[in-house]
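Assemble the dimeric complex from its two separately framed chains, guided by the hints.
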Amino acid sequence: MHIFFTIVIKLKFLNILIEKMLYWLTALSAGLFFVVIILGVLARYVTQSPLLWSIEIARLLFVWSCFLAAALAYRKKAHIAIGLLVDKFSPNWQMQLEVIRQVMVIFFMLLIFYASSETIFRLWFSKLPVLGISQAWFYIPVPLSALSIISFSFEAMLRSTSTAKPA
Amino acid sequence: MLLILLLTFLLLAILRLPIALALGLAAVAAIGFTSDLPFTAIPHKMVNGIDSYVFLAIPLFLMAGRLMNAGGITDRIFSFARVIIGHISGGLAHANVIAGIIFSWMSGSAVAAVGGLGEIELKAMKENGFDQEFSASVIVASSVLGPIIPPSIPLIVYAAMTENSVGKLFIGGIIPGLLLALSLMVLIYFISKRRYYPKDKRATFKQLITAFKDGFLPLMMPVIMLGGIAVGIFTPTEAAAVAVLYALIISLFIYRTINLSDIPGILVETMITTAVVTFIISMTTPFSFLLTIEDAGEDVAVFVTAFTENKWVVLFMINLLLLFFGALMEAGVVLILFTPILYPLIVSLGIDPIHFGVVMVFNLMIGVATPPVGVCLFVMSHISGIRVETLMEKIIPFLVPMLLILLLITYLPELVLLLPNLWME
Numbered sequence: 004m005h006i007f008f009t010i011v012i013k014l015k016f017l018n019i020l021i022e023k024m025l026y027w028l029t030a031l032s033a034g035l036f037f038v039v040i041i042l043g044v045l046a047r048y049v050t051q052s053p054l055l056w057s058i059e060i061a062r063l064l065f066v067w068s069c070f071l072a073a074a075l076a077y078r079k080k081a082h083i084a085i086g087l088l089v090d091k092f093s094p095n096w097q098m099q100l101e102v103i104r105q106v107m108v109i110f111f112m113l114l115i116f117y118a119s120s121e122t123i124f125r126l127w128f129s130k131l132p133v134l135g136i137s138q139a140w141f142y143i144p145v146p147l148s149a150l151s152i153i154s155f156s157f158e159a160m161l162r163s164t165s166t167a168k169p170a
Numbered sequence: 011m012l013l014i015l016l017l018t019f020l021l022l023a024i025l026r027l028p029i030a031l032a033l034g035l036a037a038v039a040a041i042g043f044t045s046d047l048p049f050t051a052i053p054h055k056m057v058n059g060i061d062s063y064v065f066l067a068i069p070l071f072l073m074a075g076r077l078m079n080a081g082g083i084t085d086r087i088f089s090f091a092r093v094i095i096g097h098i099s100g101g102l103a104h105a106n107v108i109a110g111i112i113f114s115w116m117s118g119s120a121v122a123a124v125g126g127l128g129e130i131e132l133k134a135m136k137e138n139g140f141d142q143e144f145s146a147s148v149i150v151a152s153s154v155l156g157p158i159i160p161p162s163i164p165l166i167v168y169a170a171m172t173e174n175s176v177g178k179l180f181i182g183g184i185i186p187g188l189l190l191a192l193s194l195m196v197l198i199y200f201i202s203k204r205r206y207y208p209k210d211k212r213a214t215f216k217q218l219i220t221a222f223k224d225g226f227l228p229l230m231m232p233v234i235m236l237g238g239i240a241v242g243i244f245t246p247t248e249a250a251a252v253a254v255l256y257a258l259i260i261s262l263f264i265y266r267t268i269n270l271s272d273i274p275g276i277l278v279e280t281m282i283t284t285a286v287v288t289f290i291i292s293m294t295t296p297f298s299f300l301l302t303i304e305d306a307g308e309d310v311a312v313f314v315t316a317f318t319e320n321k322w323v324v325l326f327m328i329n330l331l332l333l334f335f336g337a338l339m340e341a342g343v344v345l346i347l348f349t350p351i352l353y354p355l356i357v358s359l360g361i362d363p364i365h366f367g368v369v370m371v372f373n374l375m376i377g378v379a380t381p382p383v384g385v386c387l388f389v390m391s392h393i394s395g396i397r398v399e400t401l402m403e404k405i406i407p408f409l410v411p412m413l414l415i416l417l418l419i420t421y422l423p424e425l426v427l428l429l430p431n432l433w434m435e
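Protein chains in written order, with my numbering: chain A, 4 to 170; chain B, 11 to 435.
Extracted from the complex, chain B is given alone in its bound form (with noise of 0.2 Å):
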């Protein structure tokens, strides 16, 4: 049956069929061929894949972010960004990570940011004598902080589909978010003193209370949202049901950037975007509950520890596998065919689930960086007229930062856990 079940799936999806249906197709041939389960296994556990309470953080993070970005929001962030920190060396493209950090708190996936922030940036960087190449990669590598920190669709699934604490583990991703901008700050401001790249003047008392009352009511969301996770007012679910609420309240009444008859345009174009991501995890709970009838979980923890039960070992091979297939396929496919496989061997082995969720979510995101089908990579190409393959060239110097703060956080839970276990209990 597994033999079955994997090689339709590989066949199918090979042949560029959507994956979701690929796995369902393989889940019908599994089950029609080797076993006697009936077909309406199926849809009960499609349907029960998705239904959770949980998921529907998705789209409601996946709406504030759009509603933020509809309303000139972006503008403001980075004109405070480059208020705060413009006048250090290479300048511009601090300010660059700084509106990435700020916009991550309000967005949970990576191409939103790419495509949020990368027009305006792109512009500015060029008027001030950046070159254009340097510019796109510094966009496309701030953007993966956005799924690293809170809010975070891709933590959202782990969290889900492993039965962990939205919460916790959105918290666990701030300090390696954070390590990563500053990673990439340092990386910047090197490679700017080498290359003689413009800084601006430092910001004089009265601009920055400027430049922060106009970004003052995008600010207040991630405090509003994260706050209240964090202390426990709201369930993630519902803080991001509070971050569309006052999206909305700020784009229809305060800067008026949209009217109420673009509502549903937004609605269906958010949930098509979520369905992209539910459909897979519908599909591939049928395809999941088959490998595990056949133990398939069990037989790969036993596998893995008849070789070595370190964990630290097992972690290293882990991020290898995950770097692969992470810059081969999306980093939300993978997220969700690997995490029931590595799952069991995770838990096997004690290594804690909060941690290691973080680890796979700040590893599959260094893919969405990456050659071959890096997706910001293609966005900052489309954006820019830059072609694709100069951009991945161009990104290696960055990968460096990423790939060792990745380590760090592998080999020091401590940095994952720490916040998490201070705030939370």
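Isolated chain A, as found in the complex (with noise of 0.2 Å):
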């Protein structure tokens, strides 16, 4: 039993670690964003010259933003579910189904951080057309955010068979 309480307590701070610089990064991606279409705007009104990059790089940092704060959407319980039926089951059993919840989600991530690791290399040398960088840097947040979720998922399936008592 220690041993448990001692993981869970090391996974909780490392939780804590990642869901600041998930906040910090989405912040700046996001605000990035926005700054780059208005000069976009403004390079077309003012100096007469549409800057091509700003849109792809504009679309960039907005997947970056999207999968970084799916995560933290997770943690914060935020997704859209449906809990017509599942609310009506007793306390212990919804305990039971969290854990479950959990399982495969874990296992979902798992398969998602191996398979765009996989696009990631793959895609390595092939470039955008107008930034010129590796096609790549659009995928390199959904790892990112499978890991996370992972993480966070980890300490909620610890917490709920801590509590959940056997059916």
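Source of the hints: derived by calculation from the structure; they are not laboratory data.
Fair warning: this is a prediction, and the values are worked out from it, not measured in the lab.
Any given hint could turn out to be false.
Taking lysine-lysine and the DSBU-like style, the derived pairs with C-alpha atoms no more than 30 Å apart in a straight line are [claimed, not checked]: (1) A:Lys-13 x A:Lys-23; (2) B:Lys-216 x B:Lys-133; (3) B:Lys-404 x B:Lys-133; (4) A:Lys-130 x B:Lys-55; (5) B:Lys-55 x A:Lys-80; (6) A:Lys-23 x B:Lys-55; (7) B:Lys-404 x B:Lys-203; (8) B:Lys-211 x B:Lys-404; (9) B:Lys-404 x B:Lys-209; (10) A:Lys-23 x A:Lys-79; (11) A:Lys-79 x B:Lys-55; (12) B:Lys-136 x B:Lys-223; (13) B:Lys-209 x B:Lys-133; (14) A:Lys-80 x A:Lys-23; (15) B:Lys-404 x A:Lys-91.
In structure tokens:
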């Protein structure tokens, strides 16, 4: 039992750290895509020379902020789920179910982590048309987000197992 | 494959797994058990699904609305609306609808409207002698206007998923939105007459000027945004960014309601709200890719057209279907799940995609105000302390005009298409 609690506490600290990192990366990429779009408008109307790279980079930053924020949303339990049926179960059953759900999430995210890493390696040498950087940049937030969700999920699962009684 | 895909999704969704993850896992199961596609197809589609310049408008419009909300701007809008319309029978209730219209021009979501305007409106109506349950229903009903009158998050989602023009869809929502507002006001007028609800004294010219001056800066925002889109100066995404810039300048420097240090928090909150939507879209893409491989969309089209090729009958059935699912599930989820399935059908029947987009969003928005899962009902119940069950009962009269206008815009496509055809192209 002692080791179990040490793991939970360590995980908790790790997750607070991850959450902070996600928070600032999301704020940064969201702030930047806003600035880039404004610059694009200004360039077109003020200096009369459209910035071709602005759309591509805004899209890239948007994809980053979406996947990072998706992990944050998972932490905050903000993702939409349908609770019509399950909400009627007994608390103990719900706790058991929560563990099963977290196991499924971890399995899925491991798979996404693996598949997206492979995609990144495969695309490493193909370049984006305007920016000239690797296409893989679009996929990098996916494994980052997957790893964060796995870590969040582990903590949630360990918490549930420590409170749920065997049925 | 289809069977595994759909069954896995349903099972996982019922177990209360987030919809997005249920979609993703269903795709994994379908690929793993029944095909030799590589799993790398999933992250590939996930990124492709949201890598669209149009989607950038979602967080930007949300942020503009949030910034406007942060600084007492809702107060100004409400007083402005009250001065204009307060002297009609049921005055404050009408002011509610008008404020709802104005607020809709700035924000793209219904929940934002209830959250933003709800509290002040409720308080003002209580002080004026309206009963709380009526006030709450009026507020919920007018919140439906948010995503129908442009800008609109669901219309952006529809546009990006079907590669239609956001601008046209936005402009197409104007007449249906105004019709809905008008019909709500007619209803309010008759209820207020019968129950002797109070009205304000007619505002003097001086009061009108003051209210207009106070509301001027926020009122200019939709003008800049939609004017820019309609005239073709901005793309919708750019218009949204300009709206954010405008709202930032107002709230940072003129009203001074936020500090620079609040901005990261606002950005992250906005992105979390956005990610909840884009994560579902992202996970729907591999899911609907598998549906496409199996020709599911075409099968649906063939299946339906075997019964009838009359597009008006099909539209009626689609409306019933969407009302049903819209009542059971979050509007955004239904929109994202059903658009790829229904779109081939309506195109094959020669229904205008702009017309259909507006009808579909209008239909689903009724769901935010209906039991059992209407989000706005829950938000309102939270704000007002009225039980959700009571609200669900009191909202029923307001559903009548909503359904009537839905029927009207379904069968008179001109109501949707008139303005886009007039202004654009």
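Hint by hint, here is what the structure shows:
In summary, the hint linking A:Lys-13 to A:Lys-23 is supported, as the alpha carbons are separated by about 16 Å, within the 30 Å threshold. Taking the CA atoms of B:Lys-216 and B:Lys-133, the gap is near 25 Å; set against the 30 Å cutoff, the hint holds. At roughly 18 Å between alpha-carbon atoms, B:Lys-404 and B:Lys-133 fall within 30 Å of each other, so this suggested pair holds. Between A:Lys-130 and B:Lys-55, the direct Cα distance comes to roughly 18 Å. Compliance with the 30 Å bound is thereby established for this hinted pair.
With a C-alpha separation of about 24 Å, the suggested pair B:Lys-55 and A:Lys-80 falls inside the 30 Å cut-off, and the hint holds. Straight-line distance between C-alpha atoms of A:Lys-23 and B:Lys-55 comes to about 28 Å, which keeps the hinted pair within the 30 Å bound. Our distance criterion of 30 Å between C-alpha atoms is met by B:Lys-404 and B:Lys-203, whose separation comes to about 18 Å. With a C-alpha separation of about 28 Å, the suggested pair B:Lys-211 and B:Lys-404 falls inside the 30 Å cut-off, and the hint holds.
A C-alpha spacing of about 22 Å is found between B:Lys-404 and B:Lys-209, which places the hinted pair at or below 30 Å, so the restraint holds. Our distance criterion of 30 Å between C-alpha atoms is met by A:Lys-23 and A:Lys-79, whose separation comes to about 13 Å. A hinted pair counts as satisfied when its Cα atoms are at most 30 Å apart, and A:Lys-79 with B:Lys-55 qualifies at roughly 25 Å. This hinted pair checks out: B:Lys-136 and B:Lys-223 have alpha carbons roughly 27 Å apart, not beyond 30 Å.
Of the supplied pair hints, the one linking B:Lys-209 and B:Lys-133 holds, its CA atoms being roughly 16 Å apart against a limit of 30 Å. For the hint linking A:Lys-80 to A:Lys-23, the alpha-carbon distance of about 16 Å falls within 30 Å, and the restraint holds. Straight-line distance between C-alpha atoms of B:Lys-404 and A:Lys-91 comes to about 26 Å, which keeps the hinted pair within the 30 Å bound.
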